[in-house]
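Trainee: Listed below are the residues making up each chain.
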Amino acid sequence: MKATFNRCLASCAMLGAASTHAAPAALQSVQAQPINMVAIVMFLLFVLATLGITYWAAARTRSLDDFYTCNGGITGFQNGLALAGDYMSAAALLGVTSMIFAKGYDGFIYAISFFVAWPLLLFLFAEKIRNLGKVTIADIASYRLDQDRIRTFMSFGSLTIVCFYLVVQMVGAGQLIQLLFGLEYNYAVIGVGLLMMIYVTFGGMVATTWVQIIKAVLLLAGGTLLAILALWRFGFSFETLLTQAVASHKDGVKILAPGALVSDPLSMLSLSVGLVFGTAGLPHILMRFFTVPDAQQARKSVFIATGFIGFFFLIVAVLGLSAIVIVGQDAAFFEGGVLGGNMIGGSNMAVMHLARALGGDLFLGFLSAVAFATILAVVAGLTMAGTSAISHDLYARVLRKNTASPADEMRVSRLASVSIGVVAVALGILFKEQNIAFLVALTFGVAASVNFPILVLSIYWKGLTTRGALAGGIAGLVCAVGLVVLSPAVWVKILGFKAALFPYDYPAIVSMNVALLCTWLVSVTDRSARSRRERDAYGDQFVRAQTGIGASGAVNH
Amino acid sequence: MSHKNAYSIIGEHPLFEELVRRRRRLVVLLSAVTLVPYYLFILVAALRPDILAARVSALSSVSVGWLVGVLIILGAWLLTGLYVSRANNEFDGLTSKLVGEAAK
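Quick note, the sequences are listed as chains F and X, same order. Under our numbering, the first sequence has 264 at position 264, and the numbering climbs by one with no breaks. Residues are numbered in our numbering as their position in the second sequence, beginning at 1, plus a constant of 1000.
If we strip away everything but chain F, and leave its shape as in the complex, we get (with noise of 0.2 Å):
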């Protein structure tokens, strides 16, 4: 049981991987669809489109404050749209898809799953960092603490979220464009880094934020149609297309109900625990709320963005149990054309194939250029992400205690940029073939153990000192890094021990709790001068967290 979970969840997140009847590694057996000119053309019109985006967004980014929140005038509904498009990812809709096609409900669990964090993003984050940040997550944790120490931890955690995260998409990108667009991985990973390095390098946060709109807009568009086509053979009701699948799937009823995924309820809290409180500390998504211009807006734009992905992920429910029943028993998508065999494309293509099957190769084309598309706006969010944590963070505000020039300042982020896309690509092209779905579980884990409690507990707890957020935030990646190491996905299927010894790939429930308890123990029993004065100025970070007042581009009142 434990190993068909593991296998989901590899399939889930990494979009390009092959079949999950397949031996965990079979990343190899890619294998590359027909040329499809459709989808080439509508490929280039996009990377024209964001291109020509680019351009116009260089000529919009004069100062630091552009290149980083396009000066905090996005506005809520944008960005909204433009987090939603952030979140999206091509594992969503690939990969989950294709759980439901393959395990029926279970999918669904793994999306609600990914849903469940946004509503916490509004209630406990939305407005406290538009209202005490500017730049990155870190300036809300260095408000009142040690900048130096602080600043400098918080940026290695987001970076290192943000590698991890990149290598994730750039191997899931490169096998997508091999299988799709019948380019070779390595020029397409050498691709996918140069466009968003000429996104964030140029265009900043502007062109990023709008590449992340369009794709959002193409994703959404896209998968409705797609979804109301699907629906249309069933005269419009989710009870005929359950029907209908229930007959047509191997697993029959089995298909409605919880399955192997949660069979292990410990298991399955791992999982999502590491998603939900993972998810509140990605500092690409965190760092969205300071592109709009003050709290308000903030809040909006997660409830846009929370309708948005909600929206997603149920005609993501309604495509995958389409797929069981049209193509599921169209023996012309499956190799051999033997039905229930291996599918043509590699397990995760289910979706692709309804679009085929309900759009022909027109449909197959354009949903083929959305979904590069949607790989695009995720990588070049988080090359922004990393780019601010350099420049911002370790550049102007560690390095140079603020003294370095605009001009200086905007010279380092260009290159750390530039550096992000190249160490991209190299990891994306050292990793080809690797066995990567141990680092979906290092960048959630490493989300949700340090940057969450450090956010969380600087914005809501007085006695947080710095002695005590550094001793938690190391104490948490050390045990989530240990953990992951420790877990099945690496030490069984890398490694190739018998037996993992800590038995969850999702590290999160027990390191997000030790890096808890670790802050708040050393926190308390912190009796240092500057302990004294950082709670003491806890007061005033109240007053602006809660009114907003001394915001970064709100009215000065």
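Rather than coming from a laboratory, the hints here were simulated on the basis of the structure.
Here are the computed lysine to aspartate or glutamate pairs in the DMTMM-like style, where the Cα-Cα straight-line distance is at most 25 Å:
#, chain 1, residue 1, chain 2, residue 2
1, F, K462, X, E1017
2, X, K1104, F, D294
3, X, K1097, F, D294
4, F, K134, X, D1092
5, F, K254, X, D1050
6, X, K1097, X, E1017
7, X, K1104, F, D540
8, F, K134, F, D294
9, F, K462, X, E1012
Assemble the complex: chain F is given as a structure, and chain X must be docked to it using the hints.
Mentor: Showing chain X alone in chain F's frame:
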């Protein structure tokens, strides 16, 4: 007026305490209404999957699980809408009133 002064004046204002109390109550309530049903759902899925496998009615092939999943997504979104509307209609007004009074 410097922020330093503004912060301590506002921080001690009764309206500020009112604002904080009302918002905190809403945030705790809404977070609980989001998380408790979700984790309950995960536990039921793990321990009593038969509950989610049951059909919503004898004639329907829709299982309770699919219905509950859709309701969790819709419900959580409506909660975000509720928060935004309370914040727009209530907390923003309180905040500007507070800032106005503190400026006197």
